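Number of protein chains: 2
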Amino acid sequence: MPGALLTDLYELNMASSYLRRGMGAPATFSLYVRNLPAERGFLVAAGLDAALAFLETLAFEEEDLTYLSSIGFDETALDAFRRLRFDGDVWAVPEGTVVYANEPILELTAPIPVAQLAESYLLNAVTLHTTMASKAARYVVAADGRDLVDFALRRTHGIDAAMAVTRASAIAGFAATSNVEGARRMGLRPAGTMAHSYIESFGDELEAFRAFAEDFPGRPTFLVDTYDTLGGVRAAGDVIVERGLQESAGIRIDSGDLDGLSRGARALLDEAGLPQVRIFVSGGLDEREVAALVSARAPIDAFGVGTQLGVSFDVPCLETVYKLVRYDGRPVVKLSTGKRTLPGEKQVWRGPGGDLLGLRGEDQPGEALLTQVMAGGKRVGPAGTIEGARERFRRELSALPVDALSLDAPRPRVTRVSDALTALAEQAKAEALHRASG
Amino acid sequence: MPGALLTDLYELNMASSYLRRGMGAPATFSLYVRNLPAERGFLVAAGLDAALAFLETLAFEEEDLTYLSSIGFDETALDAFRRLRFDGDVWAVPEGTVVYANEPILELTAPIPVAQLAESYLLNAVTLHTTMASKAARYVVAADGRDLVDFALRRTHGIDAAMAVTRASAIAGFAATSNVEGARRMGLRPAGTMAHSYIESFGDELEAFRAFAEDFPGRPTFLVDTYDTLGGVRAAGDVIVERGLQESAGIRIDSGDLDGLSRGARALLDEAGLPQVRIFVSGGLDEREVAALVSARAPIDAFGVGTQLGVSFDVPCLETVYKLVRYDGRPVVKLSTGKRTLPGEKQVWRGPGGDLLGLRGEDQPGEALLTQVMAGGKRVGPAGTIEGARERFRRELSALPVDALSLDAPRPRVTRVSDALTALAEQAKAEALHRASG
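Here the protein sequences come in this chain order: A and B.
Each position in the first sequence, counted from 1, maps to that position plus 52 in the numbering used here.
Each position in the second sequence, counted from 1, maps to that position plus 52 in the numbering used here.
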């Protein structure tokens with residue numbers, strides 16, 4: 053499990069200062085995305101499971117304390133850290149929920165030292181998963197019903213990221229993953245074919261295809277572009293016929309003009325009496341390239357996507373923040389240039405007319421998106437599942453307006469702010485200015 | 053340790069096919085970056101330590117095999133996997149070495165099943181670390197001797213990535229990191245101040261600064277921009293004088309016009325008789341913004357950098373590849389459109405006139421960059437260290453031409469190809485075309 057030292061030093065500084073001063077009043081921090089990047093018309097919330105797993109087990113080990121002692125924390129601080137656990141409350145939107153700027157993905161209320169300590173890990177986890185689910189969702193929009201396979205493992209920023217991409221793409225609706233460990237851990241369908249090196253090691257393409265068909269008679273997919281792509285399609289067709297794989301086999305094209313080559317391949321396969329053989333393409337595709345192939349009606353059955361998905365290449369990080377919005381019963385705002393915050397514990401109501409951001413206690417029409425997922429440090433309600441998140445996203449996707457779905461110039465829905473929240477923000481701002489000038 | 057299932061399914065497909073067929077001849081794979089992105093004038097090789105740690109311990113656990121059985125691998129495959137270990141040779145450039153397109157970062161020779169299986173993890177690790185070291189190096193160029201601190205933990209793609217960024221930025225020359233677990237594991241200097249929430253929880257800025265100075269009398273850094281930045285500077289100055297922190301304290305500005313505010317803060321501090329108080333800035337800075345502040349002579353002593361560094365925002369992934377270049381004594385090339393490869397085991401010689409890419413056995417002038425780091429599955433030579441890599445990069449950086457160092461329109465050095473390699477490439481291409489047409 054992730055440890056308590058997976059934090060920034062300043063969190064430990066602040067936490068120890070609070071603990072030393074007996075400042076243990078409840079603080080509410082709100083985790084949300086400040087602005088949507090121009091390339092995103094909506095985001096898909098994810099990472100809640102990782103966040104809750106961290107909070108449940110948050111504790112300092114003796115070796116953590118030994119290290120903290122070596123860098124200057126005194127016995128008072130170490131004693132307080134030794135006893136520290138997360139015993140607070142968390143409200144969150146379910147994974148797979150569509151969210152927009154300023155809508156809380158997660159809100160946490162706990163004594164301020166532990167609420168502060170959790171910041172770095174929670175931001176890391178929610179940002180990673182939400183970034184990846186939001187990127188994967190664009191591929192799902194682009195593919196318009198065709199299958200997508202996660203090929204990102206080799207390109208992600210480490211193994212945590214690979215697992216997050218596999219999970220987030222499953223939530224978005226991908227059909228399978230090449231990541232074997234990810235498929236095992238998450239119960240997903242593993243998928244894979246062969247590399248060019250396989251063909252090269254045989255030297256002869258036909259011989260390589262025959263060997264592969266013999267060893268994987270189930271659902272072999274033949275990589276046809278090692279030498280000459282259409283030549284490769286003919287060789288694959290020969291082996292498919294020889295071995296009676298007409299119903300199960302596929303071919304994969306990984307380079308070149310995918311539109312033209314997929315049409316050429318389809319024609320060759322159809323001429324050879326192989327209309328059932330599926331055509332799979334890959335090769336650094338971003339979601340706009342997938343959309344272009346789909347809208348040109350290229351005869352492609354499935355897309356494998358790696359690099360562009362795995363690091364969310366166009367938007368590798370979202371502007372997530374974790375802001376103090378209430379402390380010791382008092383609403384809090386921040387007035388720094390360009391970084392204003394809204395005070396108080398919040399709720400978002402979603403209705404046919406759009407979203408309303410208000411205060412948790414308000415009574416408003418629509419579906420309240422945030423629910424309590426942790427009370428006194430323990431999870432409440434049933435644990436979320438990948439299937440549940442996928443189903444939630446599928447439902448929300450079908451209700452999204454066309455403007456938000458656009459890949460090239462998306463326009464997110466605008467979230468309205470309730471009168472009560474507006475009034476509280478004014479009040480808190482006046483108080484903060486008074487304090488700053490006092 | 054990372055497990056043997058941290059791989060793409062196709063690697064397992066190919067490995068099992070090779071094992072079943074007794075195809076255990078030695079294969080050499082070369083791991084390199086195919087093209088440099090326009091935003092990079094040079095790359096900094098890193099990730100070797102993670103790669104070797106993976107190879108040393110590569111083995112299937114029984115639970116791995118149980119899973120593979122459940123997805124269709126038969127007893128023959130499982131038995132072969134059970135016995136599989138990495139017992140090959142690795143040549144690599146030391147971490148911290150500057151590399152360009154097509155120059156091998158690592159070359160591995162082993163029986164083809166295991167050499168193939170290792171692909172996904174090796175690509176992941178070397179890509180992640182090299183991407184991050186190359187990004188961090190640009191900050192070092194930009195900061196021109198001023199201190200840099202890694203603030204990326206909350207923004208990286210997971211915890212592996214956070215550790216990689218901390219390590220890679222240390223290699224590039226960063227002075228410290230906010231990542232406490234990273235500092236512990238790697239023996240680096242942890243650094244941190246306070247967040248806006250700390251000020252907000254006190255409500256009164258002066259009171260918060262006094263509390264922090266009392267709790268952290270060593271080297272306190274006061275965050276001054278929660279309400280009004282210059283007002284915050286005055287408050288920090290008062291506390292610094294009150295507590296006699298003139299020699300050790302600093303201030304941090306995290307928002308707004310950093311050039312103007314740093315000048316205003318410097319003037320106020322100097323007027324207050326505090327010329328030693330250091331000015332620290334942060335707030336989503338990319339390396340060009342750092343360079344602009346430095347070249348405008350803004351009175352900034354240190355930069356904290358997070359998001360833009362942590363995901364290598366402008367270039368989140370490099371075009372690394374892992375290509376079969378020799379199999380069973382025979383040079384191998386790939387002819388796919390835009391993806392041509394050069395055959396054979398390679399060496400790079402670096403001299404004053406630039407780099408020469410040739411074959412490992414050649415005798416050429418200059419420093420041979422690749423050395424053998426693993427023989428028969430065991431590491432050879434002394435283990436690389438962060439300090440060693442940092443020193444290596446510092447030396448290489450000082451020798452880089454101005455064109456490669458440019459942040460805005462960098463031009464990498466061009467690597468020449470030796471006559472022997474050119475000849476082998478022609479020969480291998482002719483043979484491959486002959487095979488493809490045969």
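Hints are supplied without guarantee of correctness; some may be wrong.
No distinction is drawn between identical chains; accordingly, a pair holds when it is met within one copy or between any pair of copies.
Claimed, not checked - Okay, derived cross-link-like pairs now, SDA-like style, lysine to any residue, Cα gap no bigger than 20 angstroms in a straight line:
| hint | residue 1 | residue 2 |
| --- | --- | --- |
| 1 | K481 | E448 |
| 2 | K430 | P146 |
| 3 | K481 | F254 |
| 4 | K481 | G283 |
| 5 | K481 | L282 |
| 6 | K430 | A344 |
| 7 | K481 | R135 |
| 8 | K481 | Q424 |
| 9 | K481 | D256 |
| 10 | K481 | T128 |
| 11 | K481 | L258 |
| 12 | K430 | E478 |
| 13 | K481 | G403 |
| 14 | K481 | G308 |
| 15 | K481 | E113 |
| 16 | K481 | G255 |
| 17 | K430 | P78 |
None of these hints come from the bench; they were simulated from the model.
Note that the coordinates shown come from a computational prediction; the quantities given were computed from them, not determined experimentally.
Tested hints:
Within a single copy, K481 and E448 get their C-alpha atoms no closer than 35 angstroms, and across copies no closer than 52 angstroms, so neither meets the 20 angstroms cut-off. For the homomeric pair K430 and P146, the shortest alpha-carbon distance inside one copy (17 angstroms) is at most 20 angstroms, but the shortest distance between copies (47 angstroms) is not. For the homomeric pair K481 and F254, the shortest alpha-carbon distance between copies (15 angstroms) is at most 20 angstroms, but the shortest distance inside one copy (72 angstroms) is not. Taking the shortest Cα distances, K481 and G283 sit within 20 angstroms of each other only across copies (17 angstroms), while inside one copy they are farther apart (70 angstroms).
Proximity of K481 to L282 under the C-alpha cut-off of 20 angstroms is restricted to the inter-copy arrangement: shortest distance 19 angstroms between copies versus 67 angstroms within a copy. For the homomeric pair K430 and A344, neither the shortest alpha-carbon distance inside one copy (47 angstroms) nor that between copies (49 angstroms) is at most 20 angstroms. Proximity of K481 to R135 under the C-alpha cut-off of 20 angstroms is found in neither arrangement, the shortest distances being 36 angstroms within a copy and 67 angstroms between copies. In this assembly of identical chains, the alpha carbons of K481 and Q424 never lie at most 20 angstroms apart, being 28 angstroms within a copy and 63 angstroms across copies at closest.
With identical chains, the CA atoms of K481 and D256 are at most 20 angstroms apart between copies only, with a shortest distance of 14 angstroms across copies and 74 angstroms within one. Taking the shortest Cα distances, K481 and T128 never come within 20 angstroms of each other, neither inside one copy (36 angstroms) nor across copies (71 angstroms). For the homomeric pair K481 and L258, the shortest alpha-carbon distance between copies (18 angstroms) is at most 20 angstroms, but the shortest distance inside one copy (73 angstroms) is not. Taking CA atoms no more than 20 angstroms apart as the test, K430 paired with E478 passes in neither setting, with 35 angstroms inside one copy and 66 angstroms between copies.
Within a single copy, K481 and G403 get their C-alpha atoms no closer than 29 angstroms, and across copies no closer than 63 angstroms, so neither meets the 20 angstroms cut-off. Only between protomers do K481 and G308 lie at most 20 angstroms apart by alpha-carbon distance; the minimum there is 19 angstroms, versus 58 angstroms within a single protomer. Taking the shortest Cα distances, K481 and E113 never come within 20 angstroms of each other, neither inside one copy (41 angstroms) nor across copies (59 angstroms). In this assembly of identical chains, the alpha carbons of K481 and G255 lie at most 20 angstroms apart only when taken from different copies (12 angstroms versus 72 angstroms within one copy).
In this homomeric assembly, K430 and P78 come within 20 angstroms of each other (Cα to Cα) only inside a single copy, at 17 angstroms, whereas the closest approach across copies is 54 angstroms.
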